[in-house]
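The listed protein sequences derive, respectively, from chains P and S.
Everything in the first sequence is counted per my numbering, starting at 1193 for the first residue and increasing by one.
Everything in the second sequence is counted per my numbering, starting at 109 for the first residue and increasing by one.
Check the hints yourself; a few may be wrong.
[Claimed, not checked] No more than 35 Å apart at the CA atoms, straight line, and that leaves these computed lysine-lysine pairs for DSBU-like:
{"#": "1", "chain 1": "S", "residue 1": "Lys141", "chain 2": "P", "residue 2": "Lys1289"}
{"#": "2", "chain 1": "S", "residue 1": "Lys184", "chain 2": "P", "residue 2": "Lys1218"}
{"#": "3", "chain 1": "S", "residue 1": "Lys110", "chain 2": "P", "residue 2": "Lys1237"}
{"#": "4", "chain 1": "P", "residue 1": "Lys1303", "chain 2": "S", "residue 2": "Lys110"}
{"#": "5", "chain 1": "P", "residue 1": "Lys1278", "chain 2": "S", "residue 2": "Lys110"}
{"#": "6", "chain 1": "S", "residue 1": "Lys190", "chain 2": "P", "residue 2": "Lys1237"}
Simulated from the structure, these hints should not be mistaken for lab results.
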Amino acid sequence: MQTGLIVDDAAVMRMRLRDILETRYKVVAEATNGQEALNMYEHYKPDFVTLDITMPQLNGLEVLSQIVSAHPEALVVIVSAVGQKKMVFEAINLGAKDFIIKPFESARVLKAIDRLFE
Amino acid sequence: MKAEYANIFVNSAYSVFRQEIGAKLSRQSLTRKNAPVPSLPVSIVLGITGAVRGQVVYSMDTAFATSVAKAMVPNKLPHELKSLVNSAVSEIANMITGQASISLAGENQLIHLTPPAVFSGRDMTVDFLAIPTICLGLICEFGRLEINIALTEDGA
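Pulled out of the complex, with its shape left as it was, chain P reads as follows (with noise of 0.2 Å):
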């Protein structure tokens, strides 16, 4: 079973995203800031990774930037309520395979993560 990190911090929105890619997949960690999920993707190594953009210390882009400089095969789907479009060109050009808007149907999660693997 593919393994994932969810990066939000949001304490509900973690407990959301759990919840769907339970059905499916395995969490191996969740992470409240950007700096944590440097730190818990490195330790982890998790097959994919959902992470917010709004986040403290360490924004997702920069946490995306980071994560797919040192691991070019890294599976990151962005999840964010910032849904503008340059950000999400600027997401898809750092290396994002995806990018969800909050509010979101758990349907369009999981067929974002299902695609990760195919």
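Here the structure of chain P is known, so what remains is to put chain S in place on it, guided by the hints.
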């Protein structure tokens, strides 16, 4: 401040409440003031920078905030729910502002949001920006939601 900002936030709030909470908001009032100072005891403050900048301050009473948390994370015990209330209202504010930012940014501009900060009680001390503010009053089955929009365009 552009009056059209009010409609952008109204539409975002309607959409987020419908999708995330299953509640129907209605517009109750629209007033102007000199700063986004909230009038209800629970407040969520978001800063905005980029093509548009300023503050958006959401405000509600405690019962409203608890109802939002109950709707977002149902089936939680009361003590579990209590610890999630601030997170739930922060995330709702983040989603409404985030969705509004899509319209505000348009095709080519970028707007950044600060993480939401929650303040409770009447003793809070927050530095609110002295920017002309539109105060939107919205209402649903949980009570009243106030959105104070204090935004100015870059260079304005």
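The hints, checked one at a time:
no.: 1; hint: S:Lys141 <-> P:Lys1289; verdict: 44 Å, violated
no.: 2; hint: S:Lys184 <-> P:Lys1218; verdict: 22 Å, holds
no.: 3; hint: S:Lys110 <-> P:Lys1237; verdict: 47 Å, violated
no.: 4; hint: P:Lys1303 <-> S:Lys110; verdict: 39 Å, violated
no.: 5; hint: P:Lys1278 <-> S:Lys110; verdict: 22 Å, holds
no.: 6; hint: S:Lys190 <-> P:Lys1237; verdict: 33 Å, holds
When each numbered hint is compared with the structure, violations occur for hints 1, 3 and 4.
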